Amino acid sequence: MNYHTQFGSLASYRKGGVQVVDDDPKHYVFSNVFEVASKSKPYEKVCVGMNLDYVIEALRTEGDSPWFAAPHDESALIMDGEVEVHLIQPDSPLTPEDKEGSVMLDGEPAGKKMGWIKARRGHMALLPKGTAYQFRSATPGVLLLQTIKGDHTIERWAEICQTA
Amino acid sequence: MSTATAVLADQSADQSADQSQDTKNLGYQTFSVGQFRFERDEYFAHIFYPGGRHLMHIEAFLRALMRDVGWGFFYGTVNFDNVLGTLNHYGTVDLFIGLLNEAYRSTNRHYVETFNARDLKKVFEAMLDDWTNEGFDPYAAPDETGVPFGPKHGNNTKALKRERIVAKRMVGLPGDLGYRTDEGGQPVNRQFLDVPQDSPEIHAEPGFEGQVHAFNMFAYTSRSDVTWNPSVVSNVKDSQICATTEEHMLPIFHGNDRVEWFIQICDEIIWDIQDGKTGRPRAKVIMRAGDVAAMPADIRHQGYSPKRSILIVWENNDGTLPQRYSSGQLKPYPVEF
Chain B
-13 MNYHTQFGSL ASYRKGGVQV VDDDPKHYVF SNVFEVASKS KPYEKVCVGM NLDYVIEALR
47 TEGDSPWFAA PHDESALIMD GEVEVHLIQP DSPLTPEDKE GSVMLDGEPA GKKMGWIKAR
107 RGHMALLPKG TAYQFRSATP GVLLLQTIKG DHTIERWAEI CQTA
Chain U
11 MSTATAVLAD QSADQSADQS QDTKNLGYQT FSVGQFRFER DEYFAHIFYP GGRHLMHIEA
71 FLRALMRDVG WGFFYGTVNF DNVLGTLNHY GTVDLFIGLL NEAYRSTNRH YVETFNARDL
131 KKVFEAMLDD WTNEGFDPYA APDETGVPFG PKHGNNTKAL KRERIVAKRM VGLPGDLGYR
191 TDEGGQPVNR QFLDVPQDSP EIHAEPGFEG QVHAFNMFAY TSRSDVTWNP SVVSNVKDSQ
251 ICATTEEHML PIFHGNDRVE WFIQICDEII WDIQDGKTGR PRAKVIMRAG DVAAMPADIR
311 HQGYSPKRSI LIVWENNDGT LPQRYSSGQL KPYPVEF
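These protein sequence lines map, in sequence, to chains B and U. In terms of my numbering, the first sequence has 135 at position 149, counting the first letter as 1, and numbering is strictly consecutive. Position in the second sequence (from 1) plus 10 gives the number in my numbering.
Careful, some of the hints might be misleading.
Here are a few chain U residues that face chain B, going by a calculated C-beta distance under 10 Å [claimed, not checked]:
1. Q274
2. D285
3. K287
4. E346
27 Å max Cα-Cα, derived DSS-like pairs, lysine-lysine [to be verified]:
5. U/K247 to B/K115
6. U/K317 to B/K1
7. B/K85 to U/K341
8. U/K178 to U/K131
Simulated from the structure, these hints should not be mistaken for lab results. Here the structure is a predicted model, which is why all the values come from computation and not from measurement. Don't be surprised by glycine CBs; every beta carbon is placed ideally from N, CA and C.
With the sequences and hints as input, model every part of the structure.
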């Protein structure tokens, strides 16, 4: 038998939902990353998961992103599209050691080019602690960022989650 | 009858005394731990405790026992069914009958004993090994394995030794968890033959090899030979992305002691949600590709995956969380809006 694995994309997704028996659907903070990205501006860091300070952000990848850096590892999981990840080892630290979450930089920082990654759906890229990174995508796509809540994390739960 | 107790049991004498007994001459050993006694026959596990006897279908019992052993009692509660389960205190473990069942509690018919986690795991491992027959793999989907029934015949010790694997930083980095490959005996699962196995392009400048890193996480997960067994693939401090393949049903109701999150990568899982303390139904959560949902800290859940699917279980491994949730310092819901 041939099985067909159903992934989602910006162009095609079928959202599930919460069927309440005796609860409030808001307790499940239910959203869909493709729906969120379809309504986001490029590289808005929209929070779709929050576990105290830790977050999962959904980013619409389209064009070149700002440069970012974080004082801890992050990971990027491509959910749709093709994304380049460019990495620079900065000449000097770009974020305080005790800062959490990613910081948006003023343009490309001075430093050594570490290389770049071309990633497609299902690929997970390491954004190493202390490095600067930029996403580049010729066509719209979606990635999930595993990180810590930062200055640019956007919370719009009432807009993205099932409420009734 | 009042059987609710909480004792740190020294079960070593009982364990050694009873393990030599066969159950009804079928070849299976009987196991005792504290005041609990476990027997199996061709179709059922029988759990005897002071004041009562509980019974489970042997396949359901072995599948649940496999997760409890493989996960080291996991986060919070592993409910084998709506009566029997374990509650992890990270060092000690409660083994209980009816502790989280509304009827058993209201009639004071629940029973609890507390064990050293290492000691209970040892008994469970021995029971799992003795009661699992040749050809049956309790980690595998039903369509991929044999049946556990009948008199004792052989064993499947190798399959039982698989434990929850954990990447220190990210799969594929030098010195970290390696990739799954055909050569390593981990082929793509029969239901994931259409999952692309391509690799990301890595263009590392000289001196940065091993630091510029990416891997195909979906392909890696498509090669998992176990179901309902999350393995850590990437970390941000205590934030753990755990990838798992799901087929048929989660053989336990998991009652977490903290909030966890699910991200459905492909296909569909339907979750039954019950109240963590009573088992009363609270919701069903239907998750399809791209859906994200929180599992509150006060519920228990059991999932059903008609086709093999990929799920991300996102955990917070902070060891202070159980106490902070149980004390009420943290609300059971991750976000208020």
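| In ascending order, which of the hints set out earlier in this document are inconsistent with the structure? | Violated hint (a single one): 3; every other hint is consistent with the structure.
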